[in-house]
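Student: Work out the full structure: start from the sequences and follow the hints.
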Amino acid sequence: MTLAPAATVVCNPPYVALRRLGDDRKNEAANALRQDSKALVPNVLKGKPNYHLYFWFYHLYFWFHGAQFLDDEGRLVFITSGEWLDSDFGAQLQRWLLENTVIELVIESVAETWFTEARVGTVVLCARRCSSQAVRDANPVKFTTLRLPLANLYGCVADEDDADHIAHVDALRDELLTLAGAFSETNRFDHSTITQADLFALGQR
Amino acid sequence: MIIYNGSPWRSRFLRSPKIGLELVARGDFAAVGDLGTVSLGAKTGSDQFFFLAKSQARAATTGRWRVRGFSGWEGEIPKADLLPALQSPKDLDTDRDGMRVRLASVPSRGDLFYLAVRSNRFDRVVREYVHYGEENGVHRGDLVKSNAAGGDWFRQTRARVTSRWALPYNSGYDYGAVDNATGAVLNGRFVGVDAVAGVDQDLLGAVLNSTFTMVARLLEGVATVPVNLDEAVGSCYL
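Chains A and B, in that order, give the protein sequences. Going by the working numbering, 98 is the number at position 98 of the first sequence; the sequence numbering is gapless. Going by the working numbering, 96 is the number at position 96 of the second sequence; the sequence numbering is gapless.
Keep in mind that the hints were calculated from the coordinates and are not lab data. Note that the coordinates shown come from a computational prediction; the quantities given were computed from them, not determined experimentally. Check before you lean on any hint, since a few could be wrong.
Taking lysine to aspartate or glutamate and the EDC-like style, the derived pairs with C-alpha atoms no more than 20 Å apart in a straight line are [said to hold, decoys possible]: (1) A/142 <-> A/99; (2) B/18 <-> B/28; (3) A/142 <-> A/104; (4) A/142 <-> B/22; (5) A/26 <-> B/135; (6) B/43 <-> B/134; (7) B/54 <-> B/76; (8) B/18 <-> A/99; (9) B/79 <-> B/95; (10) B/79 <-> B/128; (11) B/79 <-> B/123; (12) B/43 <-> A/88; (13) A/142 <-> A/73; (14) B/18 <-> A/88; (15) A/142 <-> A/175.
Tutor: Here is the structure:
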């Protein structure tokens with residue numbers, strides 16, 4: 001079956017270390033990428049399995065594979081465990097996002113757990129495919145730490161209908177995407193903004 | 001070729017108080033990374049084999065230490081095949097007059113060694129210990145093989161980190177920078193820090209133990225993957 005290019009891929013992949021998987025599942029993941037466009041697969045996955053993969057989390061495969069379904073400016077919206085943001089193995093994903101997308105928004109909540117069964121902190125990242133380095137470099141990457149539960153931030157009211165609810169969600173989305181200044185702290189949320197070029201440079205030290 | 005090492009996005013941009021970003025932006029801000037070089041301690045692939053503890057009993061032969069190693073093995077290994085080592089921050093805790101004391105420097109006569117088998121000599125007791133390790137499959141570990149770089153599996157070729165200052169890798173440990181003037185081999189629970197040219201080593205130690213740097217480590221020096229520390233790999237961002 002051939003799918004038309006998608007505007008958005010939304011994904012909540014499994015949070016599990018690659019080494020915890022059986023060979024069948026690992027081969028399945030590797031084969032999926034083997035059939036994908038090589039342009040969107042990081043070099044580390046094109047060769048033979050290596051030592052570094054031992055530390056990877058399975059969800060990394062879903063990013064690279066998910067991107068295959070996007071149109072040229074399609075969005076990836078992923079909710080994952082957040083440890084990759086600070087990990088050596090996550091540097092591969094950081095670089096891939098920096099070189100193939102504009103990273104629009106990274107969100108973490110310190111007010112609530114989004115998955116009660118998950119033992120790790122979860123992070124939402126929204127990125128849009130982009131082939132222009134100039135656009136990527138100039139892009140302001142926004143990191144937001146939520147200090148209130150989503151329901152409070154949405155400002156939902158009892159018995160609101162779906163249209164109202166979606167309007168509330170959209171309003172928060174727009175507010176987060178248009179935050180101004182390098183950083184701020186409020187009772188609702190904190191934010192930091194850094195250009196994608198500076199973010200890349202930070203990882204080159 | 002473009003090198004990309006990564007940076008701590010969550011620690012810096014999501015979790016740190018914004019005052020940290022304000023300070024970093026100041027013209028007179030100096031990153032610790034500008035003052036010292038940082039190296040991750042040894043990832044042996046089998047700490048139980050490569051790190052040996054001095055035994056209570058004295059060695060019967062001069063020039064040897066009686067040590068305990070992998071899975072209870074005990075024997076007398078030549079001092080020339082053993083280097084002083086620091087394996088865990090907890091090794092710095094000691095009892096003194098009934099009180100638990102945390103050492104600020106690595107003892108010059110410690111009780112822990114790293115097995116560094118000489119390239120030109122293969123002592124009979126070392127051979128016995130190596131054989132014991134092989135019987136238990138130590139030599140089959142991926143990291144053990146990787147560290148040997150195709151040579152004898154028990155001669156690890158990765159650069160040993162013996163930096164002047166030792167910092168616990170996991171900022172969750174309540175320890176500062178430990179003076180490692182004795183040159184103990186650090187294992188992967190530590191990162192080693194040495195002053196760059198033009199920076200005084202003692203001054204670097206004072207900086208590393210300053211309140212400000214300690215706080216910064218808590219903000220950015222984070223554990224990486226949620227597995228036990230023997231398996232963890234990552235960087236300490238200074």
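Student: Which constraints among the numbered hints does this structure fail? Numbers only, ascending.
Tutor: Violated hints: 5, 8, 9, 14; rest satisfied.
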